[in-house]
Structure formats: structure tokens, C-alpha cells
Amino acid sequence: GENVEQHPSTLSVQEGDSAVIKCTYSDSASNYFPWYKQELGKRPQLIIDIRSNVGEKKDQRIAVTLNKTAKHFSLHITETQPEDSAVYFCAARSNFGNEKLTFGTGTRLTIIP
Amino acid sequence: EPEVTQTPSHQVTQMGQEVILRCVPISNHLYFYWYRQILGQKVEFLVSFYNNEISEKSEIFDDQFSVERPDGSNFTLKIRSTKLEDSAMYFCASRVESNQPQHFGDGTRLSIL
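For the protein sequence lines, the chains are V and G, in the order given.
Take the first sequence: its position 10, counted from the start at 1, is 10 in the working numbering, and no numbers get skipped.
Here the working numbering runs 113 ahead of the position in the second sequence, where the first position is 1.
Next up, chain G with everything else stripped away, as it sits in the complex (with noise of 0.2 angstroms):
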């Protein structure tokens, strides 16, 4: 069965670096998505992504954070300047069409020091 899958699956970063979290969607998906947990919190939603712009966004995607599909496959989430609070697990997510389920990668864990 066809999954999306993170890169990498652990990331450690000083503070006020820049960090890329790579994603490969479900190939013939069509709507992208980011989601973060902080640790022992609920999935909480970042922003979607669809025919190659952002569709919606979460009071937390500021302007720190940006997207981007820059080829056919991959899907990345960039953070400017990182803070200690942006330290969680973020959920690359992809579904086909309308109205079908979000299939969810394996994260990627981002520690900040």
C-alpha cells in the first residue's frame, strides 16, 4: 500500500537556525498538509496545500514558516528561525480527491536546543 513518507525522522537544531522537513506525498494525491504535536498534545493543524498554493493556514504557520512542492513528488515545510517552542512532531498528511481520508506520514521529530 502506497505511503507518504517523512524526511528525516529525527531532527536536532540550535535555535534561531533554519530547518527543512522533507515530505513525499501518495503519488497521485492532490492536497497537501502539515500538521504539528507537541509532545503529549493533540494533532493540530498547520496549513494545506493545493494546486501549488497555500489553501488555508493555522494562527501558528506565521511568518516563520513557508511551503513549498518544488518538484513533482516532494513537499517541504521550511521554518526561518527556529524557536524553542516550535520543538514537536510535525505530520506530513495527503489525500486524493475530495471527501477522501488523509493519509498521514511517519513524522518527523524536531528538537530545538
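The following block holds chain V by itself, in its conformation from the complex (with noise of 0.2 angstroms):
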């Protein structure tokens, strides 16, 4: 089955600066991978998404960018806000099946003001 690692475990960045939290999965079959953000007590909630046909994705101060060929891919956060700290969480999918949401292990992310 699908395994995903995620790194780092922890991150704190100074407000304003970028964040950068990374992926590596193994199913080549897994052509899906969104991220989600989970504050404290509260549900992931999708932030960002992209799929293989795809290198690069921005929305805002988000990006995320994948490599099929090494199996990589990232979240780029810029112009941190204190607002952004948070546990962040990439997931990767099939499209094969029941599309089930394999998950890393999360970036507990820190902003400093």
C-alpha cells in the first residue's frame, strides 16, 4: 500500500518569512495529493491540491509543487502570518478504488511574530 513521509516534524519560521514542508510518497499509482491544514481540536481542511498532470500550483501565499519522477512533493508557504501556524498534513490518492486519503504525519508549523 501507499506510504507517505512527511518532513519536518516541527518548523518554526519568523513572521514574514517562508515555510516549506516536504513529502516523499511510494505508490507511483497515486496521481492525487492535497494538503490540509488542522488547527487545534478543528477538522483538516483542504488548502491546497494537485494533481500529476500538473508541476506547480499557486493559490496566494500557497504553492506546492511535485515530481512524479522522484516521488516529492511541497508545500510552499510565503509571507508567513501568525495566522498560518497550524498542523499541516499531505495526503496522497489513487484514483483507483475508494480513492482512500493516505496521510503523512504532519508539520506542526510555528510562526514567530
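Note that these hints are calculated values from the structure, not bench results.
Where hints are given, some of them may not hold.
Said to hold, decoys possible - Here are the computed lysine-lysine pairs in the DSBU-like style, where the Cα-Cα straight-line distance is at most 30 angstroms:
#, chain 1, residue 1, chain 2, residue 2
1, V, K42, G, K155
2, G, K170, V, K22
3, G, K170, V, K68
The model shown is predicted, which means the values in this text are computed figures rather than measured ones.
Can you join these two chains into the complex? Each is in its own frame, and there are hints to help.
This is the structure in C-alpha cells:
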């Protein structure tokens, strides 16, 4: 089955600086890669996603890049703000079968004011 | 924007008791999921449900677990005889059709005493 590794587990960034979180996946059949932001005690919220036919996607201060050959994808947050502090999870999904999500282990991002 | 709703938000149960967690997926969604998140850990897939039957289940989803869609709106997860290690946040998710994002509910925090 799919295995998703995520690094780093914790990340502290000065407000205004950029943050980068990296994930690798094992199953070459995975073709959809969402990123979720989870605030304490809340639901995972989809913030951006990318499909395997695209190398990069951007939405305001958030961008995701995908390298299918190397099987890794990254989340980039620019001009970080205190409200970006949360746990971020990457995930991978195959279009086959029931399309379950396999999550990474999460990154606790802290923005230092 | 329509949301997945879950009840209760917090359930405290004695070990060995049965518990039912309830979810109301988004109304036009066809695919339903349960995930579990033990405190401080990643989100793990439990089971997927489509066309009134289980389409896939994980190793965690043993004989003590069952799911049901008793009517056109509710989707339930039952744990027959709870164990201490069942303590976790349980998230319901749904999606409308193939290749679309999953939307998560706010979760039910299950505490087994």
C-alpha cells in the first residue's frame, strides 16, 4: 500500500519568512496530492491540492510543487503570518478503487511574531 | 457552503460499552469515509463506503467496527465493545464523485475510560 513520509515534524519560522514542508510517497499509482491544515481540535481543512499532470500550483501565498519522477511534493508558504500556525498534513490518493487518502505524519508549523 | 456534520462532538464511554458515532455527509455526495486520529498522530483511514456497502477497510477496522447508512442522510460508525486504545478523534469525510476532494467533518472526540 501507499506510504507517505513528511518532513520536518516541527518548523518554526519568523513572521514574513517562507516555510517549506516536504513529502514523499511510494505508490506510483498515486495521482492526487492534497494538503490539509489542521488547527487544534478542528477538522483537517483542504488548503491546496495538485494532480499528477501538473508540476506546480499556486494560490496566493501558498504553492505546491510535484516531482513525479522522484515521487515527492512540497508545500510552500510565503510571507507567513501568525494565523498560518497549525499542523499541516500532506496526503496521497490513487484514482483506483475507493480513493482513500493516505496521510503523512504532519508538520507543526509555528510562526514567530 | 455545505459541510459534513458529526455528532456528538465529544463522547465519553466506559470500556466494553458500545458507541455509535454519527455523520451527515454533504447531501449530493456519494462516497463516505471514516478516519481516525490518535492524539498527536496522523490521520488514518478506517473504512470507505459506496453504494450501500463497504468498498475498503483498513487493518484497524476489525470485527468490533461496523458502518451503516440507515437512511438517506446519516452515516454511522459503531464500535461494539470499546477498548482503551479506541480513544481518538474520529473524522467522517465525503466526496461527490470520482476524482474530487474529500470534505471532512469537525470530528468526534471519543474518550474510553
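Do the hints match the structure? See the list:
1. V:K42 with G:K155: 14 angstroms, holds
2. G:K170 with V:K22: Answer holds: K170 (chain G) to K22 (chain V) is near 28 angstroms, not above 30 angstroms.
3. G:K170 with V:K68: Distance of about 27 angstroms is within 30 angstroms: holds.
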